[in-house]
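*Asks:* Sequence:
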Amino acid sequence: MSDSKTFQIPEEMVARYASLNEKAKKIEEELAEMKKIFNSFFDHTHGKLCKGEERIGDYKIQRQIRHSEQYHPEKTVKVLEDLNLTDCIISVKQPDKQKIDAALTLGMLSPEELKDCLIRKSSQAIVVKPIK
3 MSDSKTFQIP EEMVARYASL NEKAKKIEEE LAEMKKIFNS FFDHTHGKLC KGEERIGDYK
63 IQRQIRHSEQ YHPEKTVKVL EDLNLTDCII SVKQPDKQKI DAALTLGMLS PEELKDCLIR
123 KSSQAIVVKP IK
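Mapping of the sequence shown onto this note's numbering: position 31 corresponds to residue 33, and the numbering continues sequentially without gaps.
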């Protein structure tokens with residue numbers, strides 16, 4: 003950790019960060035509201051979940067529709083098992099955190115035995131709030 007006396011952050015920069023962060027929140031809210039209006043417009047003029055395109059003044063506005071599909075895990079596994087197609091099912095072995103924690107609490111497992119298995123993740127967040 004560096005000495006805070008040799009490296010300083012100007013108060014003006016912190017104030018600017020707080021101001022921009024607040025503006026960003028307001029902009030995101032306004033954009034979300036506009037997207038709702040645009041989607042309502044396209045629902046009305048082109049149909050729900052239909053792509054569309056309109057020229058409005060010097061702008062072209064488009065709505066694109068993206069689709070994705072995936073199999074419902076439990077239902078699909080049930081059907082595949084009923085059809086005896088277990089080759090189409092993958093088995094995923096993963097640790098059960100609750101049971102591991104219980105085993106640690108009960109002394110059935112020591113933290114030392116799992117020390118090389120533990121993955122720690124950290125993330126950074128900057129929060130600026132006015133003091134006044």
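Honestly, the hints are just simulated from the structure, not real lab data.
Here the structure is a predicted model, which is why all the values come from computation and not from measurement.
Note that CB positions come from ideal geometry on N, CA and C, so glycine has one too.
Mixed in with the good hints there might be a few duds.
[As the list claims (entries may be wrong)] Lysine-lysine pairs mimicking PhoX-like chemistry, simulated, CA-CA at most 20 Å apart:
id, residue 1, residue 2
1, LYS62, LYS37
2, LYS95, LYS27
3, LYS27, LYS38
[Unchecked claim] Each pair of labels, with its calculated beta carbon distance range:
id, residue 1, residue 2, range
4, MET36, PRO132, 22 to 30 Å
5, VAL81, GLY54, 49 to 57 Å
6, SER93, ALA20, 29 to 37 Å
7, ARG18, VAL79, 48 to 56 Å
8, THR78, LYS37, 29 to 37 Å
9, LYS101, SER125, 20 to 28 Å
10, GLY54, LEU116, 48 to 56 Å
11, HIS46, TYR19, 15 to 23 Å
12, TYR73, PRO132, 48 to 56 Å
13, ARG18, LYS80, 55 to 63 Å
14, MET36, ALA105, 49 to 57 Å
*Asks:* Against each hint, give a clear statement of whether it holds in the structure.
*Replies:* The hints, checked one at a time:
1. Annotation: proposed proximity of LYS62 to LYS37 holds, straight-line Cα distance about 15 Å (limit 20 Å).
2. Only pairs whose Cα atoms come within 20 Å are accepted, and LYS95 paired with LYS27 is rejected, the gap being roughly 41 Å.
3. Distance check on the hinted pair: LYS27 and LYS38 sit about 17 Å apart at the alpha-carbon level, within 20 Å; holds.
4. Taking 22 to 30 Å as the suggested C-beta distance range, the pair MET36 and PRO132 conforms, at roughly 29 Å.
5. Between VAL81 and GLY54 the Cβ separation comes to about 37 Å, which falls outside the hinted range of 49 to 57 Å.
6. Roughly 50 Å separates the CB atoms of SER93 and ALA20, a value that falls outside the hinted 29 to 37 Å.
7. Look at ARG18 against VAL79: about 53 Å separates their beta carbons, and that is inside 48 to 56 Å.
8. At about 33 Å, the CB distance of THR78 to LYS37 agrees with the hint of 29 to 37 Å.
9. Between LYS101 and SER125 the C-beta distance comes to about 27 Å, which sits within the given range of 20 to 28 Å.
10. Separated by about 55 Å at the C-beta atoms, GLY54 and LEU116 satisfy the suggested range of 48 to 56 Å.
11. Taken as a hint, the range 15 to 23 Å is violated for the pair HIS46 and TYR19, whose Cβ atoms sit roughly 41 Å apart.
12. Checking the proposed 48 to 56 Å range against TYR73 and PRO132 shows it holds: the Cβ atoms sit about 50 Å from each other.
13. Distance hint check: the CB atoms of ARG18 and LYS80 are about 57 Å apart, consistent with the given range 55 to 63 Å.
14. About 53 Å separates the C-beta atoms of MET36 and ALA105, a value consistent with the hinted range of 49 to 57 Å.
Hints 2, 5, 6 and 11 from the list above are not met by this structure, while the remaining hints are.
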